[in-house]
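> Listed here are the chains, written in short residue letters.
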Amino acid sequence: MRRKILLIGLASACIVYLSHYSLAQTVNGLVSSPTIGAQETVAYTLEISGTNASDVVNPSPPAAEGLTLVSPNASRGTNMSIVNGRVSRSVSYTWHYRPETEGSARILEANVTIGDSTFHTSPVTVTVVPQAQRPSPQRRSLFGGFSLFDNPPDAPPEVTEQDIFIRATQSDREVYLNEQIAIDYKLYFRPGTMPRNSRQADSWDAEGFWREELDLATALTPNMVVENGIRYQVISIRRIAVFPTRAGELTIDPLKISTEVQSPDADPFNSPLFSQRYSTVERASPVINITSNPLPPGAPDGFTGAVGQYTLRAALSRNTLEVGEALQLTLTIEGTGNIALIEAPQPEIPGIFEIYDPEVSISKMGTNTLISGSKTFTWLLIPRSNGTLQIPPVKFVYFDPSLAQYIVRSSDLNPITVTGTAAAASATTVTASGFPFDDIAVLKRDPNWVTATHTPLHRGTWFYLLLLIPVLGVGVTAVLRRRTTRLATDTAWARNQRAHPLARKHLKTARKRLTEGDPDAFYAALEQSVLGFVGNRLNVHERGLTRAQLADQLNKAGIRTERQRELIKFLDTCDAARFAPIAAATSQMEEHFAQGSRILSTIARELESVIS
Amino acid sequence: MRHGALLFALIANVGFANAQQLEDALHLFDEANGLVESGAYAEAIGQYHAVLETGFASGALYHNLASAYFRLDEIGEAVCYYELARRLLGDDPQLLHNIQIVEAKIQSPFSELPTPFWRAWWYTLFGQYSALRFLISGLGFYLIACLLYAHYIWSQTRNNWHRRARAGALGVGLLLLLIAALVSGERSSIQGAAIIESTTLVTETGSIDVPEGVKVSFIGQTDLGAEVSLPNGVRGYVNASVLGFF
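Residue numbers (the numbering used here), protein chains in the order written: chain A, 1 to 612; chain B, 1 to 246.
These are computed hints drawn from the structure, not numbers from a lab.
Model, not experiment: these values are computed from the prediction.
Just to be clear, a hint being listed does not mean it is correct.
[As the list claims (entries may be wrong)] Derived SDA-like pairs: lysine to any residue, alpha-carbon spacing no greater than 25 Å straight-line: (1) K395/A - A492/A; (2) K256/A - T160/A; (3) K105/B - I355/A; (4) K105/B - K512/A; (5) K395/A - T200/B.
Given these sequences and hints, build the entire structure.
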């Protein structure tokens with residue numbers, strides 16, 4: 001008994017729950033056909049779901065433009081169904097309208113009051129065409145549809161653009177360069193059309209865009225919607241994320257499909273053997289126009305064109321290792337945007353590391369609405385030297401279109417401690433010259449120093465000196481040669497040239513004899529010095545020259561008389577001293593030496609002045 | 001006498017200081033070589049630069065410095081210093097081998113314009129010898145010519161062979177000295193530059209990515225940056241800081 005009460009309670013709770021679950025109220029205004037003939041009527045049904053009929057205040061028929069209400073009384077119907085445990089209740093009110101003229105007519109919004117709430121429907125447009133354009137009324141004969149002996153059945157009603165069409169919805173119409181746009185192509189079809197064998201009819205292109213396909217549900221379950229008073233089933237046939245690759249006005253081609261459908265107005269009994277009659281139709285979505293704006297100026301350094309919303313993570317596989325061991329630097333960029341085209345950031349790896357090209361992996365997520373995911377760059381680093389090394393913070397720059405600004409993400413890394421020393425590289429093979437086959441020969445030992453700042457030859461003074469010295473040598477040789485030649489050919493000049501040296505030589509000898517205490521030789525040298533000088537300068541042979549001849553020559557040379565007398569007197573003194581029986585004293589010789597020197601210089605000066 | 005002593009002291013002092021610097025340079029050079037052998041390339045590079053700061057350089061120093069940079073995968077610097085080494089070492093087989101290895105690592109997308117014939121001839125004839133060799137040879141011929149002239153002046157020899165010998169020695173001597181000056185001038189001027197950091201070359205029509213290690217011709221510094229010419233002849237501007245001159 002207690003179990004029965006429990007079961008009844010549970011069942012009641014389920015019913016209450018299901019009833020509550022079904023209480024989502026919707027009101028739709030539906031027409032029997034969007035296109036009618038001038039002599040036909042259109043049924044307008046106000047379908048109220050999710051409520052009990054008792055809660056609905058009887059609605060009034062909606063007003064119409066171009067249509068006349070046939071009868072204000074509505075035919076009312078109720079429906080209740082349980083599908084997969086879901087209870088659905090609906091109540092409907094139907095009115096008929098007759099067209100007044102051909103053309104476009106409208107049934108305005110209807111107002112429905114359910115309890116305390118009032119709902120409004122959307123106006124519905126109906127196209128009224130000449131009756132001749134409408135198919136003839138269907139025969140309702142029991143056998144008429146499939147009689148083998150009767151006339152062939154009438155052609156089924158044509159499938160119109162209102163029966164099946166493609167609509168494209170896009171996430172945005174004006175975007176930045178490389179900003180993501182999601183486009184959803186949906187096929188709308190009336191329930192009776194039952195499309196099958198659908199395929200893309202033509203190539204589809206989106207020039208100026210990078211494209212990524214978004215995932216679709218593997219089992220396509222149509223949704224029911226009401227558009228302009230007509231109930232449609234809707235399925236997504238293609239979802240695409242596009243990224244404009246250039247700025248400007250861009251166009252995306254229509255998506256065209258070809259599908260087999262049957263007319264929603266066809267009578268299933270009006271076909272042979274009740275077979276459904278399909279016809280092939282093509283439908284195309286509208287062209288999509290996108291305005292792509294260039295990115296604003298002032299992009300920070302390191303910006304490579306990434307647009308979207310991203311995060312950055314950087315990690316090292318290890319922080320302590322030995323020279324020659326490997327570690328990995330991993331950068332992960334995660335977010336929403338064109339993940340595939342994100343370029344690798346350029347971490348500033350110290351030169352001590354041997355670095356290899358990064359391995360790149362892409363992981364896409366949530367690809368049914370927008371492209372998002374992560375891109376991972378992994379560098380292999382091998383230190384070639386020891387030390388504590390710090391890789392500067394890794395930066396990633398992108399443009400966030402929602403904020404309309406550039407964002408710089410940065411991620412710090414811990415220092416790396418490298419220990420040990422590297423073994424010298426050893427090559428397994430060597431070239432014919434003895435160098436490693438595929439490696440450098442590292443060291444050269446002999447420095448052979450030069451100055452670090454090398455001055456070119458033509459800017460060095462010593463270069464010109466080196467050139468000049470030999471030329472000077474040649475010049476000196478020429479001068480010496482000329483002097484030698486003149487000495488040999490011009491006796492007067494030669495004696496004149498020799499006068500001073502010989503006089504100095506004899507004076508030197510006289511000084512020597514004075515020191516030695518040899519008066520004879522002293523006075524001979526002193527006399528020879530003075531007399532020889534005069535003879536050389538005047539180009540006369542002094543040996544055997546009498547005093548008178550000497551005075552005559554001096555007179556010719558323009559030497560003053562008192563100077564002549566002084567000279568002759570000095571020569572006489574020298575002769576007297578040489579031949580005197582008593583040798584002259586040293587002091588006397590020194591006095592005569594000084595006198596001789598003075599006379600020599602005096603006569604030399606006078607001769608110079610006379611000659612010049 | 002006093003002035004002579006002072007001059008001698010000054011010369012001796014300068015000579016002593018110079019010898020001390022040279023000894024310091026040699027010491028640092030040996031230390032740097034030891035660091036290279038132990039794999040401490042970054043420290044070795046610092047030591048080699050310390051040698052250069054003493055005012056001395058050598059082909060071996062530039063060579064070893066380039067090798068250390070190469071070990072650290074700094075290809076641009078390696079190219080630059082190997083080229084500096086080539087100026088002093090000429091066609092040293094070890095240097096040429098290393099340059100070949102380094103150039104194989106450069107990801108250069110540029111084809112190279114053919115070398116002008118006169119440049120190839122010049123290099124074939126004179127590129128393998130230092131300016132000093134030409135200088136010494138030239139001075140030798142020049143001295144011989146001067147001695148012959150001096151002999152001619154002194155002895156007044158009227159001899160055709162003597163005249164030809166004088167003219168020939170003088171001509172050869174002056175020619176060799178001219179070549180020495182040209183070689184010296186060429187090797188002490190900037191011959192080019194290597195891209196030491198991947199960069200973008202801005203041209204009149206757009207921009208070109210230039211990888212590290214590519215050798216370019218330096219044209220001059222302008223307001224737009226350093227004007228360079230790529231191996232394929234395309235001219236453009238780069239930031240001067242990415243150039244390593246040699």
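> Each of the hints needs a verdict: does it hold here or not?
Hint-by-hint comparison with the structure:
1. Using a Cα cut-off of 25 Å, the hinted pair K395/A and A492/A is violated, with the two alpha carbons roughly 100 Å apart.
2. The suggested pairing of K256/A with T160/A holds, with an alpha-carbon distance near 16 Å, which does not exceed 25 Å.
3. Distance restraint check for K105/B and I355/A: the Cα-Cα separation of roughly 13 Å lies within the 25 Å cut-off, and the hinted pair is therefore satisfied.
4. Taken as a hint, the K105/B and K512/A pair is broken in the structure, with Cα atoms around 88 Å apart against an allowance of 25 Å.
5. Proximity of K395/A to T200/B is assessed by CA-CA distance (about 20 Å); at most 25 Å being required, the pair is judged to hold.
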